[in-house]
Each structure stands twice: as C-alpha cells, then as structure tokens.
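Chains as they are written, first to last, in the working numbering: chain A, 20 to 813; chain B, 5 to 275.
For the record, the hints were derived by calculation from the structure and aren't laboratory data.
Hints should not be assumed to be uniformly reliable.
[Stated by the list, open to error] Which residues of chain B face chain A? A partial, calculated answer using Cβ under 8 Å:
#1 A8
#2 F188
#3 A192
#4 A253
C-beta atoms are modelled at their ideal positions from N, C-alpha and C, and glycine is treated no differently.
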Amino acid sequence: MTVTDTPFAGGIVGEARLRKEDPALLTGEAKFIDDLDLPGALWVACVRSPHAHARINSVDTSEALAVAGVVAAYSGEDLADTWVAPLPCAWPVTDDMKNPAHFPVAQGKANYAGDIVAVVVATSRYAAADGLEGVVVDYEPLDAVVSIEDAESDRVVIHEDLGTNVSYEWPLIPDPEGVDAAFEAAEHHITETYVHQRLIPAPMEPRGVAVVPAPHNGDMTLYSSTQIPHVLKVMAALTLGVPEQKLRVIAPSVGGGFGCKLNVYAEEILCMALAQRHGVPVRWTESRTEAAGSTIQGRAQRQTIELAADADGKLTAVRATLLADMGAYLQLVAPGVPLLGAFLYHGLYDVPLYSFTCKSVFTNLTPTDAYRGAGRPEATYAIERGMDALAVAVGVGADEIRSRNFIPTEKFPYDSPAGLVFDSGNYQPALDRAKELIGWDARMAEQAERRAAGSTTHLGLGISTYVEMCGLAPSRVLASLNYGAGGWESATVRILPTCKVQVVTGATPHGQGHETCWSMIVADRLGVDPDDVEVLHSDTAISPLGMDTYGSRSLSVGGTAIWMATEKVVEKAATIAAHMLEANPEDLELTGGVFSVKGSPDAEVPLAGVAFAAFTAHDLPDGVEPNLQAQVTWDPPNFTFPFGAHIAVVEIDEVTGAVDLIDYAACDDCGNQINPMIVEGQVHGGIVQGVAQALWEEAVYDEDGQCRSANLADYLVPSAAECIDMKLDHTVTPSPTNPMGVKGIGEAGTIASTPAVMNAVVDALRPLGVTGMAMPASPMTVRRAIEAAGGGAS
Amino acid sequence: MIPAAVGYVRADSVEAAVAALGEHGDEAKLLAGGQSLIPLMRLRLARPSVLVDMGRANDLRGISVDGDTVSIGALTSHSDLEHSAELAAACPLLAHVASQVGDPAVRHRGTLGGSLAHADPASDLPAAVLALGGTLVATGPGGSREIAATDFFTGFLESALAADEVLAGVRVPVSTGGWSYQKFNRRAQDWAIVGVAVAEGGAGVGLVNMGSTPLRASAVEAAVAGGAGASDAAASAAEGTEPPSDNNADPAYREHLVRVLTERALVAAGA
Chain A
20 MTVTDTPFAG GIVGEARLRK EDPALLTGEA KFIDDLDLPG ALWVACVRSP
70 HAHARINSVD TSEALAVAGV VAAYSGEDLA DTWVAPLPCA WPVTDDMKNP
120 AHFPVAQGKA NYAGDIVAVV VATSRYAAAD GLEGVVVDYE PLDAVVSIED
170 AESDRVVIHE DLGTNVSYEW PLIPDPEGVD AAFEAAEHHI TETYVHQRLI
220 PAPMEPRGVA VVPAPHNGDM TLYSSTQIPH VLKVMAALTL GVPEQKLRVI
270 APSVGGGFGC KLNVYAEEIL CMALAQRHGV PVRWTESRTE AAGSTIQGRA
320 QRQTIELAAD ADGKLTAVRA TLLADMGAYL QLVAPGVPLL GAFLYHGLYD
370 VPLYSFTCKS VFTNLTPTDA YRGAGRPEAT YAIERGMDAL AVAVGVGADE
420 IRSRNFIPTE KFPYDSPAGL VFDSGNYQPA LDRAKELIGW DARMAEQAER
470 RAAGSTTHLG LGISTYVEMC GLAPSRVLAS LNYGAGGWES ATVRILPTCK
520 VQVVTGATPH GQGHETCWSM IVADRLGVDP DDVEVLHSDT AISPLGMDTY
570 GSRSLSVGGT AIWMATEKVV EKAATIAAHM LEANPEDLEL TGGVFSVKGS
620 PDAEVPLAGV AFAAFTAHDL PDGVEPNLQA QVTWDPPNFT FPFGAHIAVV
670 EIDEVTGAVD LIDYAACDDC GNQINPMIVE GQVHGGIVQG VAQALWEEAV
720 YDEDGQCRSA NLADYLVPSA AECIDMKLDH TVTPSPTNPM GVKGIGEAGT
770 IASTPAVMNA VVDALRPLGV TGMAMPASPM TVRRAIEAAG GGAS
Chain B
5 MIPAAVGYVR ADSVEAAVAA LGEHGDEAKL LAGGQSLIPL MRLRLARPSV
55 LVDMGRANDL RGISVDGDTV SIGALTSHSD LEHSAELAAA CPLLAHVASQ
105 VGDPAVRHRG TLGGSLAHAD PASDLPAAVL ALGGTLVATG PGGSREIAAT
155 DFFTGFLESA LAADEVLAGV RVPVSTGGWS YQKFNRRAQD WAIVGVAVAE
205 GGAGVGLVNM GSTPLRASAV EAAVAGGAGA SDAAASAAEG TEPPSDNNAD
255 PAYREHLVRV LTERALVAAG A
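Given these sequences and hints, build the entire structure.
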C-alpha cells in the first residue's frame with residue numbers, strides 16, 4: 020500500500036537507516052550496569068528462600084560475618100525499620116483489592132522460592148557469594164500453593180492477614196442481560212478454555228543495580244538496568260523516604276527488558292538502603308539462575324472464552340472469564356495486566372455484546388507482571404483460538420469466519436462493545452496480503468494432498484488476526500482504571516548555536532533504537548543531518564520528566580512530544596527568521612534547513628543563521644527570548660490500535676510429535692513508519708518471542724513450587740537456529756490521534772504469533788481427532804494429544 | 005553463578021597432568037575445554053580444590069589415520085572433528101556427530117576427551133564412540149593402558165579412569181559403512197532428548213540419554229547381525245534401558261522415541 024497521508028516531507032522519515040546505537044553496542048563501548056567502574060563499592064548477595072512457602076524461625080548470620088571480605092549481613096528483622104513503605108504496587112485496580120505488605124527482605128515468612136530472607140555485604144562479588152553459604156536460616160516448610168485452582172480454593176491462605184488468596188475481581192459487563200439473551204438465542208455457542216503458561220522474560224542482560232551515595236549532602240545516584248528510571252525515582256523516594264530532589268536515577272545501556280524491567284524491585288530499594296547505611300557505593304548484579312526466580316514472570320492465567328454466533332457464524336456476543344496468577348506479591352503494575360487485555364477479547368470483530376471478568380489470586384510462585392504485550396497477547400490468543408473453533412462449528416474456513424466478522428472499515432472510529440474507541444482500521448486488506456504472502460491456496464491444496472495420501476507428516480495452517488491497544492496512555496483513562504500515574508510523555512528540542520540539535524526525551528530505550536528514530540523525526544523537519552541530532556535520555560538529571568518505555572508507547576506518545584516540541588522550535592525560529600528577512604512569520608516555510616519567503620525565492624536565511632542569531636541575541640524581535648528551545652508534555656487523547664494478520668505454517672511428525680514451523684507471513688499496520696528497518700526488527704523479534712510461547716518456553720514448577728527450568732538449558736529461549744525466514748509486509752492506516760499518524764509496533768509480533776502457531780498446530784492434527792493443544796506444544800505434549808485422540812502411527 | 009575459590013595449575017603435557025593429579029589428590033579436576041566443568045563450578049555443584057588446566061597441551065590435539073585406525077588426541081575440539089576432511093573420509097559418523105554438539109561456541113572450546121571423560125549420558129560423542137567400537141587410551145603414573153569404550157562408562161558421570169589417570173586419546177576404526185546419527189531435540193543447541201548413533205549398517209548402535217550412562221543397544225545390534233530388518237531390529241531398542249524423566253520427556257516417551265529413531269537411523273544407514 021502506498022503512503023498517501025504522511026506529514027513528513029524531509030525525505031528522512033521512511034528511510035531504512037542503520038541504527039546510531041549499534042557501533043557502541045557492537046564494539047563494547049556501551050556501558051551496562053556490570054561495566055560500571057565504582058571504586059570501593061561493596062557487593063550485595065541475596066540469601067533467597069529455597070522453599071516456596073516457609074516460616075522463618077531464625078536467621079543466623081554469624082558464620083557469614085566470619086568469611087573473609089564480608090562486611091555485614093542482615094536479616095529481614097535487622098532491616099525492618101529501614102522501610103518507610105512497602106514495595107509499591109501502582110495499580111490498585113479495585114478499591115478493595117487485597118495487597119500484602121511486601122518488603123525487600125522477608126520478615127517471618129518466605130512466600131516463594133527466591134524471596135529474599137537475608138543479605139550479605141562484602142568487598143567483592145566473590146566474597147559476597149561465599150558469605151551466602153555462611154547464613155543459616157531455620158525454615159519451617161509450609162504447604163505450597165502452586166496452581167491457580169488451588170489458590171482460588173483457599174485450602175492454604177498464603178497471606179493470613181488477608182484471609183484469602185483472592186486479590187481482586189474485576190468485571191466489565193456493560194449489558195449483562197443482553198449477553199445472556201444473546202447466548203440463549205445463539206445458533207453456535209463455543210466454549211473453550213486455554214492456559215497461558217508462566218514465561219520467564221530472559222532479556223539478554225539480567226538486572227543489576229548500583230547505588231552511589233554522597234553521605235554528607237544526602238545525594239544519591241541509583242543506577243539500574245531498568246525501563247523506568249523516572250517512575251523508579253518517584254517510587255524509590257516514597258518507599259525509602261529519600262527526598263526526591265536528592266535522588267538521581269540513571270539507566271545506562273540496558274540490554275532488553277520485555278516488560279520485566281518495568282518494575283520497582285526489592286534489590287533496587289535494598290541497595291539504596293545499604294548504600295545509605297554503609298556510606299559507600301553498593302552494587303548487585305543478577306545471575307541468570309537468580310533471574311529465573313527473582314525477576315517477574317509473564318502470562319500465567321487460565322481463560323475461558325465463550326462465543327455466541329448466528330447460523331452464518333456472525334458473532335453476537337463474547338464472554339471471557341479469567342483466573343490470573345499474581346504470584347506471591349503484587350509487583351508494580353501486575354494487577355492491571357489482565358485489564359490491558361480486558362477490552363480486547365472480541366478482537367477486531369464487530370460484536371454488539373461483551374462480558375469480561377477477571378479474578379486474580381496469590382500463589383507461592385515468583386510474582387508476575389507485564390511481559391511483552393501484557394494482557395493483549397492473552398486476549399488475542401483467546402479470541403483467535405476461539406474463532407478457529409467457531410469456523411469448524413460453522414463449517415467455513417478460518418479466513419472466511421474472520422472476514423465475516425471484521426469491523427467494517429466505514430465504522431471507524433469504532434465504538435467497541437467494551438467501551439473503547441478504536442482509532443482507525445482496515446482489516447480485510449491485511450488478511451488478504453498475508454494470505455498472498457504465504458500462498459494460502461497452494462498451501463491448502465498441499466494440505467489436502469497430504470491428507471489424501473495418508474502422510475504422517477501433517478501440514479497445518481494457522482491464522483491470527485489482531486488489534487491491540489497501545490500507546491499507553493491517556494491519563495484520564497488511566498485514572499478511570501485506578502492506575503497510580505499518568506500516561507503523558509515529555510520532550511525538549513534544543514537547537515544549539517552551531518545548528519546541532521539536542522533532543523531530551525522521557526522515553527527510556529532498552530534496545531528499541533529510539534536515538535535513531537527520534538533523530539530522524541527531528542532531522543526530517545529541520546532539514547539537518549540525523550547524525551547532527553543527539554538524543555539525551557535515561558538520566559533523571561538530564562531528562563527530569565518522563566513516563567518511560569513500555570506498552571508500545573515511545574513513538575506515539577514520546578515521539579509525538581518530540582514532534583510537537585520541534586514544531587514549537589520551528590515556530591520560534593520562524594519569528595526570528597522573519598525579523599531577519601523583514602517578512603511575516605506566517606509567510607515563511609522551512610525546507611531543507613532554509614527559511615524562505617513563499618513566493619520570493621531569493622529571500623531566505625538558513626536555519627543555522629537563525630540559530631546563531633538566537634544565541635547572540637544581538638537583534639531579536641521584541642519579546643522574543645534568546646536561544647531556540649522548546650519543551651512539550653503530550654498526553655494522548657486515546658490509545659492507538661495497530662492491527663494485522665499473521666499466518667503460520669507448521670509440519671508435524673505424527674510419530675514423534677515434533678512440530679516444525681516451516682513458513683510464516685505477516686502483514687502488520689502500525690500507521691506511518693519512521694524507520695521501516697526498525698519496524699521489521701521489532702516484528703521479527705516479536706514473532707519469535709510469541710512462537711516461543713507456543714512451542715518452547717515454559718517456567719516449569721513442581722508440586723513444591725520449585726522452578727525446574729531455572730537456566731537457559733532447561734528454559735528454551737529460541738536461538739537464531741530456530742528462526743525461519745519470515746515474509747513480512749505492511750499496510751498503512753494512520754492513526755488520527757496524533758499528528759504523525761503513528762501507532763506502535765513493539766508488541767504486535769508477540770501478540771499475533773502465539774495463536775497463529777497454535778491454530779496451525781491444531782489445524783494440522785484435526786484429521787486425527789485432535790481439537791485442542793496445551794502450550795508449549797512440545798513433542799511429548801503433541802504426541803500424547805495424538806494418542807489421546809486415538810491416533811498416532813508408531 | 006559465582007564459583008567457590010579454586011587453585012589453578014597448568015599442565016602442558018600428559019606427564020605434567022598426571023604429576024599434578026598425583027600432587028593435588030582427589031579434589032583436583034582436569035580442565036580441558038571447560039564446557040561441562042565450568043558451569044558446574046559456577047553453580048557450586050562442583051568444587052574442586054585445584055584445576056589442572058590442560059588447555060595448552062598441544063600434543064594432545066590432532067587427528068591421524070593409520071591403516072584401519074583413526075587416532076584422535078583427547079584435546080581435539082569438536083569443531084576440529086567437525087571440519088576435518090580426513091575424519092570426514094575415514095569416519096564420517098564421528099565428524100557428523102561432532103557437528104551436532106551444542107552450538108559453535110561450545111564446539112570450539114569443547115574437546116572429545118573432555119566429553120568422554122565427563123561421561124554424560126546425554127552427550128552425543130560417547131554414543132558415537134560406542135557405536136564405532138572405539139578404544140580409549142588412559143595414561144597414569146605407571147604408563148598407558150587401553151580401555152574399550154564398552155567398558156569405559158561405569159555410572160552417571162563416572163568412568164573407568166582412575167583418579168590419577170588422564171584420558172590421552174581415542175582410537176576408532178576407520179568406518180565408512182552405512183551410518184546415521186538421529187538426534188532428537190527441541191532446539192539446535194540442546195542436549196539430545198534421545199539420540200541414536202548407528203555405525204556400519206547397524207553393526208554398532210549407541211544410545212544417548214537412555215540411562216545413567218551412554219549405552220550400546222546390544223539387542224538391536226544382535227537383531228541386525230541376525231538379519232532382522234530395520235523395523236524389527238528397532239523394536240528392541242529400549243531393551244535394558246532406564247531412561248530418565250525431565251521437562252522434555254518421561255521414560256515411556258523416551259522408549260517410544262528410541263524405537264522410532266533407531267528404525268530411522270537403521271534405514272538411513274542402509275540396514
């Protein structure tokens with residue numbers, strides 16, 4: 020599709036430019052937490068409960084203190100007076116939500132394997148690790164609550180003071196009677212139950228923290244491998260009682276996050292407290308095995324989806340019921356994760372009636388929280404798997420059932436049955452294009468041939484169309500959902516005297532390529548070289564205002580703020596240029612870095628001349644301040660709603676149960692694109708991450724709550740060897756909610772690919788009588804499903 | 005992932021290594037490529053008092069073919085095996101199996117001798133050496149001795165090597181008859197959930213991850229020798245095995261897999 024509705028005229032936006040970030044990353048020049056050189060720093064090591072649920076009778080640190088290099092060791096009781104408030108949960112989704120007190124070091128009881136029960140402070144990382152072995156904890160193991168069903172039963176109540184394991188129930192049922200009536204009248208009533216296994220986020224860089232105090236003036240610098248230095252600063256100040264103006268938070272180069280660094284963690288607050296106490300720098304670097312238990316995990320819910328449809332398969336109502344696992348405590352935004360999907364269980368289908376209910380429970384497992392897509396992959400999975408079941412019931416193809424139900428293009432902006440307004444959409448062309456890319460008809464014919472020939476290598480095709488809500492978020496909407504902060508973003512654009520440009524943004528990259536993209540937006544408008552634009556971020560002393568990076572928000576919210584700040588600077592520069600040219604500002608246009616007077620081609624002044632004039636301030640128009648700088652804080656009026664269609668093709672060996680992803684096509688629509696190469700990279704990575712949930716990844720826990728997949732040999736993160744060449748294209752349907760017409764692409768691949776692959780797996784095996792499949796579709800799981808259906812060559 | 009304190013000495017020859025083992029006793033461990041030992045140390049599951057680093061014992065590196073015998077130094081890396089034209093001609097099974105170990109980084113560091121001496125039932129190379137009827141050369145204070153591969157693997161991560169012996173090299177017969185290695189895993193870099201190595205059209209069959217040690221499928225070998233077809237011979241592939249249970253497979257599924265993979269390997273090897 021051609022881009023006809025673009026606000027970009029500079030010839031830079033839309034180019035597949037290489038990333039400015041990469042030379043430093045590829046040469047090792049970029050500094051991550053563990054690269055920081057902090058002379059005299061003490062190392063922290065955490066004693067973590069080996070039990071999922073245990074009373075802590077006593078903690079004896081005396082042997083640890085005898086280990087060479089160990090400076091101090093503390094139990095939870097020793098540090099109890101340190102905390103002004105428990106670790107924060109910023110999203111109390113209901114007024115009566117139950118939220119257990121959660122302190123950096125557990126007191127009295129450990130509630131998951133990995134809960135910190137004591138800390139050792141030592142002069143080196145090795146001494147700290149040696150010291151761990153000297154801490155003797157007397158545990159009294161208790162029955163562990165591992166499954167959400169067990170949790171819901173309250174057989175064992177984890178947090179006794181709460182009286183129940185249920186944290187909250189959150190319904191969204193605009194018309195209960197209408198929904199019931201629709202199901203009563205339905206020709207087809209589909210009921211499906213799916214389980215989203217726990218996932219371990221596993222970014223390339225685990226977490227890490229370093230705190231540098233200045234004991235005599237009270238300053239404190241917190242370095243953290245975080246997605247949210249700005250939110251962290253506020254929360255850390257509140258949790259520890261540090262005056263916020265004394266606190267500086269820096270996220271150095273951050274090696275990925277996928278949502279797991281959108282949090283305020285025990286170790287961050289703990290290192291701050293220990294740095295205060297010892298008056299020297301304190302640091303902690305997470306190991307990979309430690310990360311498997313102590314960094315938040317994703318997904319972890321059981322969902323039941325019901326579809327009501329008429330004889331033609333036209334949906335009349337959708338009802339979704341969730342049971343979600345919060346883990347042992349509520350982390351920063353965990354309760355809200357199901358809500359980010361709550362509005363989307365009808366997918367991109369035009370459905371008049373809608374019902375959603377979520378119940379969230381505590382278990383004795385690692386806390387969960389946002390993981391790439393956060394709520395939207397779960398919602399998309401339920402509706403897209405359900406649509407395949409409906410297609411079978413109606414007797415039409417998986418493509419046809421979707422086409423019959425897409426929200427018609429003329430209905431946009433679309434008032435959704437859940438109460439949202441979808442900004443823009445045009446769904447059928449994306450599906451058509453994906454089918455074209457994959458060679459749908461030929462693949463269907465191939466499948467039929469194999470089936471006719473009795474092949475034991477089955478071919479399966481799976482479609483997943485999707486719409487998601489991203490660009491988090493309008494602050495007023497967040498308020499209505501009880502979220503504890505706003506959804507705005509801040510930007511400053513500063514043209515320096517030599518016409519080089521600084522952009523200060525509150526968006527905090529951790530691998531996305533923000534510097535490249537923001538430079539392109541500004542350079543495109545100003546007519547300067549993108550390499551002459553420096554993007555400053557991730558340090559609250561340089562960028563004091565920000566809401567950080569998550570929920571595919573950086574471009575549509577942070578990028579819009581940059582766009583608007585650039586416009587403001589241009590406006591001011593035009594005033595000065597007009598003064599220099601003795602023209603009216605409204606008669607000027609800025610093209611290729613030169614202001615000229617419309618209709619008088621000879622009357623022009625370069626932006627560089629204006630920048631220097633603004634700096635010298637020798638001759639500025641009356642009332643105009645020196646320098647070219649503008650700050651904008653943008654609060655979006657709505658979410659953005661990217662969409663697309665993905666198709667997976669799998670081959671399944673009936674004999675072994677092995678699933679082989681052999682082909683993949685995707686047509687995504689994220690509105691206008693800034694850098695198509697970066698968009699493609701996000702789609703690639705997103706797809707693989709979603710395929711991983713379908714085929715490989717699972718945090719496996721035994722009945723005692725012990726993680727049996729705590730390293731990368733047992734937790735199957737895919738490598739390049741598992742990836743296939745994907746066929747990608749896009750359509751462009753600009754968002755009307757922001758001036759650049761952009762949406763977001765960071766999570767789309769992950770949202771779409773899991774159901775596409777699982778639909779393909781079930782499609783492949785349908786002739787064998789298989790109608791469902793648990794994730795991940797491991798060879799043994801698939802083989803057992805085939806056997807259970809009564810089939811399976813040996 | 006921080007190992008406990010450990011002593012370190014370098015041994016640049018077999019003799020030096022044997023001497024170091026004699027000097028430092030039972031708690032000393034030989035370090036070759038370190039691809040198994042170092043992870044265990046980082047988890048503090050292995051806590052040797054002294055590492056005897058043989059990484060620069062270059063005399064133990066290399067592949068030579070003499071008549072009917074291929075001799076391989078214990079420190080020859082998987083990558084060297086994988087890329088040796090000489091080995092590909094003389095013993096293609098071994099070269100191929102080496103190419104299936106871990107990922108390229110592991111194959112560049114990991115060594116044939118290290119893999120065999122570690123005696124991990126889930127490793128690829130022991131099964132290949134078993135299928136080939138290989139011989140291992142151990143050197144101790146009293147000199148060298150030969151151990152048949154069949155006698156080498158004595159228990160889980162245990163071998164016939166004495167505490168003061170060093171595995172110096174491996175000999176396998178030149179083997180260009182029908183061969184196959186069927187490795188079943190979920191990611192390219194992983195250990196086999198089950199693996200089956202077939203040499204000489206089924207005369208030798210080695211199994212990966214089907215018990216506490218690398219195994220020979222004697223019943224399959226006997227059936228092939230008796231003229232059974234691939235399908236019939238493979239039916240006894242799980243005989244005498246005690247497969248483990250883990251996230252990927254329970255024993256029953258492993259027994260199913262080993263029969264399937266053995267049949268496929270025998271067919272591929274022309275049995």
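| message | Hint by hint, where does the structure go against what was stated? Just the numbers, ascending. | response | Of the numbered hints, all hold.
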